[in-house]
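Enquirer: Each chain, written out:
There are 2 protein chains.
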Amino acid sequence: MESMIVAVDVMGGDNAPVEPIKGAIEALKQNDNLVIHLVGTESVIREVLDTIPDANTYKNRYSIVATTEVIATAESPTVAISKKKNSSLVVAMKEVKTKDAQAMVSAGNSGAILVGGQVLVGRLPGVKRAPLAPLIPTEKGPALLIDCGANLDARPELLVQFAEMGSIYMEKVMKVDRPRVAIVNVGAEEEKGNKLVKETFPLLKALDDINFIGSIEARDIPSGYADVIVTEAFVGNVILKMYEGVGKTFFKLLKEAFTANLKSKLGAGLALPVLKEKLKDFDVTRYGGAPMLGLNGLVVKTHGSATAKEFTTSILQCITFRDQNIKELIRENLSKGEN
Amino acid sequence: MESMIVAVDVMGGDNAPVEPIKGAIEALKQNDNLVIHLVGTESVIREVLDTIPDANTYKNRYSIVATTEVIATAESPTVAISKKKNSSLVVAMKEVKTKDAQAMVSAGNSGAILVGGQVLVGRLPGVKRAPLAPLIPTEKGPALLIDCGANLDARPELLVQFAEMGSIYMEKVMKVDRPRVAIVNVGAEEEKGNKLVKETFPLLKALDDINFIGSIEARDIPSGYADVIVTEAFVGNVILKMYEGVGKTFFKLLKEAFTANLKSKLGAGLALPVLKEKLKDFDVTRYGGAPMLGLNGLVVKTHGSATAKEFTTSILQCITFRDQNIKELIRENLSKGEN
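Taken in sequence, the protein lines are chains B and L. Numbering-wise (the numbering used here), the first sequence opens with residue 157 and increments by one. Numbering-wise (the numbering used here), the second sequence opens with residue 157 and increments by one.
It cannot be assumed that every hint is accurate.
[As the list claims (entries may be wrong)] In silico BS3-like pairs for lysine-lysine, Cα to Cα no more than 25 angstroms straight-line: (1) L/Lys408 to B/Lys408; (2) B/Lys411 to L/Lys432; (3) B/Lys354 to B/Lys284; (4) B/Lys432 to B/Lys483; (5) L/Lys434 to B/Lys408; (6) L/Lys483 to B/Lys434; (7) B/Lys419 to B/Lys408; (8) B/Lys419 to L/Lys432; (9) L/Lys436 to L/Lys411; (10) B/Lys404 to L/Lys411; (11) B/Lys411 to L/Lys296; (12) L/Lys483 to L/Lys250; (13) L/Lys296 to L/Lys432; (14) L/Lys408 to L/Lys465; (15) L/Lys255 to L/Lys239; (16) L/Lys328 to B/Lys434; (17) B/Lys328 to B/Lys284; (18) B/Lys432 to L/Lys436; (19) B/Lys215 to B/Lys419; (20) L/Lys432 to B/Lys404; (21) L/Lys296 to L/Lys250; (22) L/Lys434 to B/Lys434; (23) L/Lys408 to B/Lys432.
Everything labelled a hint here was simulated from the structure, so no lab data went into it. Source: prediction; values computed, not measured.
When you get a sec, could you build the whole thing from the sequences and use the hints?
Expert: Next up, the structure:
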C-alpha cells in the first residue's frame, strides 16, 4: 500500500498537546504506511514525546513541523485564519493545500477549521459550502449527520447540496444501497417545520438523484430511520451533543447502579461482558472524526474533547477516506447531478 | 381541598381515545377532589368506558362533553382552530376560557394547542408568546426546557421573556433558589452561535432579574448544568426528542444484553432492582405534561404518544399547577420586571 502523510494539529482541542501526540504515535504503531507531521510548538512536542516510552521507535515516520502560534477555542474563526499564519491549524491546512500532506486532523476551534477548510484548502467546483458530516451510531448501523459544522443560518440551497453530498458519501463510501435521506423536523408531516425546513422540503422532494423519505423527528434518529440526516449546523450540533450527553449520563447511572450493593455488583460481574459489547456499538465517539465534504483535500475534525484513542481513529480514518477517494466521488456525482 | 375540574381532550394523540380515557379514570381513582370532563365523540367515549371495569365507580365525578369533530395531527393549526369549532380540542379550550373547567389536557396537534391556547384562552397582559415548557430529567433533578412549542422562527425578545417566565417557574413552583438560566448554543463562548443566539445573549446578560449563566452546549444538559434551558422551539423539540430517542435505544440495548445468555440473565436478575430505581429518575415522560406558560388559564400538553399513565400524571399535575398558582406568579413577577 502507498504511504500517506497526515498533518496533525497537536495544539488544538481540550487535551492538547498530550492526547493528539499520543494518538498520533499510536496510529503510527497501528499502520506501517502512515507518516505523520506533528504540527505545533516544537519544545512542547519534544517534551511530550519524551514521556511516550516507545515514541522513538517510530521516529523515522514522524517529523515536527514547528509553528509559533495557537488558535484558541474562543477566537473569531475568520480573524484567526487570516492573522495567525503561523498557527498549527493554518500550517496543517496549508500542508494539505500544497500536497505536503494528504490530510489534516484537528480537534481545534471548529469555526476556524470550517473557515480554513474553505479558504485555505478550497472547495471543489460547484460546491457552495463544505459541511462537516460525522457518522453517528443507530440501531441499524452508522448514519450520516450533515451538517454539524459552522455553516450556521443555512439556506435551503445549501441543505439541498448537503443532502446530495451525504447521499453520495453513504452510497459510495459506506456502501449503503439507495441511502434514505431525511430532513430533521418537529413532526412527520410535510406541513410542519420552521421556515428553512418548509422551504427545503419541496426542493429535496423534487431531486431525483436521492432517495428522499421526508421528515425525521429527532426521536427516530437513534433507531436508524434514515441513513442521511439533513439539518442545519446548529441543530446538527445539538443532535450530536445530545447523543454524547444522554449517553454519558446513562453510563453514569448504570455504573452507580452496578456498584450500589453486593447483589448488583455480583449481577454486574455476570452481565457486564455482553453489556459492554452491546453498548460499544452505540458510542458516538467510535467513528472518530468527521470529514468536511466537498473540499479540494482531506480535512478531518475530531471532538474538542477527543482523547488519544479518538485521535488514533481519526488519523487512521484518513487512510480509508483517501482509499475511497471521496473527493473524486463527490466531484463526479455532484456535477452529474447538476447537468 | 377544593375540587378541580379538568377538561380532557380524549380524541387527541396517537393513542386516543382509549389511553386518555383510561388515564382520566385512573386520575379520578387517585384524587377524590378531581372532576373530569371527557371531551370527545360520545359514542366512542361510552364504548371505551364500557371496557374499563371500575369506570362506573367514578361516574359522579366525570361527565361527557359531546363533540362532533376531531383535529388531526397533520392539519394546519390556525385553520383547524378557526374552522373546527366543535372539535374536542377547541371545546376543551373554551371550557378553560369560560371557567367551566380550571384546566385542559390534550395530547393532540401541538400546533393547534399552541394556537388555541393563545387565541381561545388568551395570554396574560404583557406576555408576547406563550411557550410550552416541559420539565426534563437531569442528574441534578428536573430542569425546564423552554420553548418546545410551536413558536418556530422565534425572535430575541421572545426568548428573553421565555427566560424570565422559566426562571419564575423554577423559582416559585419548583423552589429552586436563584435558578441558573442558560441559552442553548454550539459552544460555551459568548462569540459563538447563530444570529438568534448572538442577538439574544446580550439581552439576557443585561437582565438583572434572572441568574443568567451564559451558553449551554447540548452535551451539558443531561448533567444538570442549568435549571432553565432557553432555546427556540425547533431546537427545544429536537432536545426533548433526542432524550426520548437515545433513552429508548439504550433501554433496548440493555434489554438485549440482559437476555443474551444465561449468565447475563442471571446478572440482570441481581442488578435489575437497583438499576430500575436509578433509571426511573431519567425517564423523560415521568413529569407528564408540559404547561403553556403565560396564559389566562391552564393548558397542559402531553406527548403525542402518551399512554394512560402519562395522562394520569398530566391530569394530576393540573392540581399542583393550580395550587401553585403559576398564572398569578407570572403576572406579578413579569410586570414587576417590566417596570
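Enquirer: Hint check: lysine 432 of chain L vs lysine 404 of chain B, CA-CA at most 25 angstroms. Holds or violated?
Expert: Holds: lysine 432 of chain L and lysine 404 of chain B sit about 17 angstroms apart, inside 25 angstroms.
Enquirer: Is the straight-line distance between the alpha-carbon of lysine 328 of chain B and that of lysine 284 of chain B 25 angstroms or less?
Expert: The hint holds at about 21 angstroms.
Enquirer: Can the restraint linking lysine 328 of chain L and lysine 434 of chain B be considered satisfied, given a maximum Cα separation of 25 angstroms?
Expert: Since the Cα atoms of lysine 328 of chain L and lysine 434 of chain B sit roughly 43 angstroms apart, the hinted pair is violated (cutoff 25 angstroms).
Enquirer: Could you grab the alpha-carbon distance between lysine 296 of chain L and lysine 432 of chain L and see if it respects the 25 angstroms cut-off?
Expert: holds, 18 angstroms
Enquirer: Taking 25 angstroms as the top limit, are the C-alpha atoms of lysine 408 of chain L and lysine 408 of chain B close enough?
Expert: Holds - the C-alpha atoms of lysine 408 of chain B and lysine 408 of chain L are around 17 angstroms apart, at most 25 angstroms.
Enquirer: Are the Cα atoms of lysine 296 of chain L and lysine 250 of chain L separated by 25 angstroms or less?
Expert: It is violated: about 38 angstroms lies between the C-alpha atoms, which goes past 25 angstroms.
Enquirer: Holds or violated: lysine 434 of chain L with lysine 408 of chain B, Cα cutoff 25 angstroms?
Expert: Answer holds: lysine 434 of chain L to lysine 408 of chain B is near 10 angstroms, not above 25 angstroms.
Enquirer: Checking one constraint from the list: CA of lysine 255 of chain L to CA of lysine 239 of chain L, max 25 angstroms. Satisfied?
Expert: With a Cα-Cα distance of about 22 angstroms, the restraint between lysine 255 of chain L and lysine 239 of chain L holds, given a limit of 25 angstroms.
Enquirer: Within 25 angstroms, alpha carbon to alpha carbon, are lysine 419 of chain B and lysine 408 of chain B?
Expert: holds, 18 angstroms
Enquirer: What's the verdict on lysine 408 of chain L and lysine 465 of chain L, does the C-alpha distance respect the 25 angstroms limit or exceed it?
Expert: holds, 20 angstroms
Enquirer: Would the pair lysine 215 of chain B and lysine 419 of chain B pass a check requiring their Cα atoms to be no farther apart than 25 angstroms?
Expert: violated, 51 angstroms
Enquirer: Checking one constraint from the list: CA of lysine 404 of chain B to CA of lysine 411 of chain L, max 25 angstroms. Satisfied?
Expert: Within the cut-off at roughly 18 angstroms; holds.
The structure fails hints 4, 6, 16, 19, 21 (numbered hints given earlier, in ascending order).
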